[in-house]
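Listed here are the chains, written in short residue letters.
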Amino acid sequence: AQSVTQPDIHITVSEGASLELRCNYSYGATPYLFWYVQSPGQGLQLLLKYFSGDTLVQGIKGFEAEFKRSQSSFNLRKPSVHWSDAAEYFCAVGSSGGYQKVTFGTGTKLQVIP
Amino acid sequence: DAGVIQSPRHEVTEMGQEVTLRCKPISGHNSLFWYRQTMMRGLELLIYFNNNVPIDDSGMPEDRFSAKMPNASFSTLKIQPSEPRDSAVYFCASSLTNYGYTFGSGTRLTVV
Chain G
1 AQSVTQPDIH ITVSEGASLE LRCNYSYGAT PYLFWYVQSP GQGLQLLLKY
51 FSGDTLVQGI KGFEAEFKRS QSSFNLRKPS VHWSDAAEYF CAVGSSGGYQ
101 KVTFGTGTKL QVIP
Chain Y
115 DAGVIQSPRH EVTEMGQEVT LRCKPISGHN SLFWYRQTMM RGLELLIYFN
165 NNVPIDDSGM PEDRFSAKMP NASFSTLKIQ PSEPRDSAVY FCASSLTNYG
215 YTFGSGTRLT VV
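Going line by line, the protein sequences match chains G and Y. Heads up: the first sequence at position 59 corresponds to 59 in the numbering used here, and the numbers run straight through without jumps. Just add 114 to wherever you are in the second sequence, counting from 1, and you've got the numbering used here.
If you're looking for bench data, these hints aren't it; they were derived computationally from the structure. Take these hints with a grain of salt, some might be off.
Pairwise CB distance ranges (calculated) [what the hints assert, rightly or not]:
| id | chain 1 | residue 1 | chain 2 | residue 2 | range |
| --- | --- | --- | --- | --- | --- |
| 1 | G | Q71 | Y | E197 | 28 to 36 Å |
| 2 | Y | A186 | G | S72 | 34 to 42 Å |
| 3 | G | D54 | Y | Q194 | 44 to 52 Å |
The beta-carbon is built from N, C-alpha and C at its ideal position, and this holds for glycine as well.
Kindly generate the complete structure, drawing on both the sequences and the hints.
Have a look at this one:
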């Protein structure tokens, strides 16, 4: 069965500092990987996705993620955080088969301080 | 495109009442998903439709929950009778075959 672990429940960074959110997945084959962001009172918005090819994926809002098969990781990064990035971030893994079931991690809540 | 539209945004109901949540997916998307989000359990997939057909309802908590998709532009999630432990935010999401869900803004359900 597929699963996702986000080891950090809550992270605080200073505005302008770099950010890395960790994500580890478990899946028997090549996974489909996603990062979503959820602002308070809102639904989840897709930041980026990895299906195959280049292991460094660029997304919206200046985010990127790197797929590392050897570490079963798909960490999200941003070189300089803005106050508007404060939100909850979810990593997700999907099967490469025909069924589009996607399993979400428990989320990492990002706080940005001045 | 207006995105995935859910209604109502908020619902407060008394225990034992029937609750119906509604979702209009993005036009052209062939898959629709209902999720429930709580602090304790995070995001849980309740049911998944593909081309209006229920594919996997293994996440539906119990018989009190039912979902329908009578056509490609409308889906409902019904809880009858509702219980306080059903209080949560319910999300609908739709996608085309290449993944990348688009989520609605959710319905916050409170059962008192």
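Here's how the hints hold up against the structure:
| no. | hint | in the structure |
| --- | --- | --- |
| 1 | Q71/G to E197/Y: 28 to 36 Å | violated, 42 Å |
| 2 | A186/Y to S72/G: 34 to 42 Å | holds, 37 Å |
| 3 | D54/G to Q194/Y: 44 to 52 Å | holds, 49 Å |
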